[in-house]
Amino acid sequence: MTMKNALKECGVFCTLGNADLDQIEKFSSVEDYQAGATIFTEGTSSQKLYVLQSGKVALQMQLPNQSRVGRRVSVDIVTRNEAFGWSALVEPHLYTLMAVCLEPTRVVAVDAGKLRSLLDEDKRVGYELLKRLIGVVASRLEETRHVLISERLMVV
Amino acid sequence: MSDSTLRVVVASERPEFRQMLAGVVEREPGAVVVGQAENSLRALALARQLRPQVALVDPELPYIAGHESQRLSRMSGLDTAVNISHELPSVAAVLVSNPQPAEAAATGPGDPQLWVYGETAGARMPVRLHDLMAGTPAARRLVFGGIKLGEAVVTRATLAEVADKLVLCGGLGIMGGLGLMVTLVLAGAGIALAAGGAATLLLGFAGKLVASARARAARD
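First to last, the protein sequences are chains A and B.
Residue 90 in numbering that gives the first Met the number 0 sits at position 91 of the first sequence, and the numbers go up by one each step.
Residue 158 in numbering that gives the first Met the number 0 sits at position 159 of the second sequence, and the numbers go up by one each step.
These are computed hints drawn from the structure, not numbers from a lab.
Computed from a predicted model, the values in this text were never measured in an experiment.
Warning: the hint list may mix true and false statements.
Said to hold, decoys possible - If you anchor each label on the Cβ, the simulated ranges turn out as follows:
#, chain 1, residue 1, chain 2, residue 2, range
1, B, Q18, A, T143, 30 to 38 Å
2, B, E118, A, E120, 28 to 36 Å
3, A, H92, B, R50, 25 to 33 Å
4, B, G172, A, S53, 25 to 33 Å
5, B, R13, A, D21, 41 to 49 Å
Said to hold, decoys possible - Some residues of chain A that are not near chain B, with every Cβ distance over 12 Å (derived):
#, residue
6, M0
7, M2
8, G16
9, G35
10, Q59
11, R70
12, R71
13, V72
14, S73
15, N80
16, V89
17, E102
18, P103
19, R115
20, I133
As the list claims (entries may be wrong) - Computed from the model, here is a short list of chain B residues facing chain A with C-beta under 10 Å:
#, residue
21, Q48
22, L77
23, S96
24, L141
Note that CB positions come from ideal geometry on N, CA and C, so glycine has one too.
Modelling step: build the complete structure from the supplied sequences, incorporating the hints.
Pasting the structure below:
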């Protein structure tokens, strides 16, 4: 699958036109990772926005201290066609989570600096992409809330 | 249980996957399942309590106990494997991906084979549980792998199914044969009865003829 097609199948980029995707493809690259590899760690500069083509990636949060639940907690698992590393589009552009591959993983990595420049230059593309991104983030938040409630009800 | 027995804890919310993991252990001589956990908290508790050498963990393990239909965060497998390997460095923690539905459908319900990812990207290496204990504890801390459903055992399963069908067919054949034999015996008795009846009937008609002849002679 070409990078352009991979972007097109992702919920964040799917409404962009071919010309816009061609532009984004120019500053994107395919990256492969082994199972267990770390794609990025929290606190580091978020230079890329990722779209998962194959494999599975766990997003983990570092706990301040060693606790009953351990040092790290997985807060999400990214599957095919999902975007991750959203911090690349949100100031201060630092990753807030750590991304660890659960399986051999292939991603399309979009250069965040160039993507931000494109969004600044072309407000239409910027509006469309951020609108989609907010939609995806909102649905993830909704799912997290349901899980939170479900688990809390069980503890009572 | 001897000292050389390899002690294994398996962890998955899904009973069928736990069974599959336990099957991997049971088929390996000298390995035994000492505990089964359905969530992360239980898996950690069992690892601390039972001190296994190997922990086989489903990546989609929920953190706490719940029903399969409930919307739990089923993503604690990695955390569990990491925590076990950090807290108990002698344990080889294996994160075991479930076979994909398409893969399972293609191979059928065969004997599962454990594999781990090799050095080459994406390479899958079949592995024995005892092999996981090789090397230093640091080297075996956390391993990523999966389950493959073996084709050889699928053949064995097919043979077993065929044998079952043969037994069923044989039983039905015996039952049918016995029924036929009873029918034939009864048919023989029926023929004899009918023959006797016919002879009796003829005798009766003959007697009637003789009686009417005598009556006619007496009138004349």
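Among the hints numbered above, which are violated by the structure, and what are their numbers in rising order? Failing hints, ascending: 2, 3, 4, 9, 10, 11, 12, 13, 14, 17, 18 and 21.
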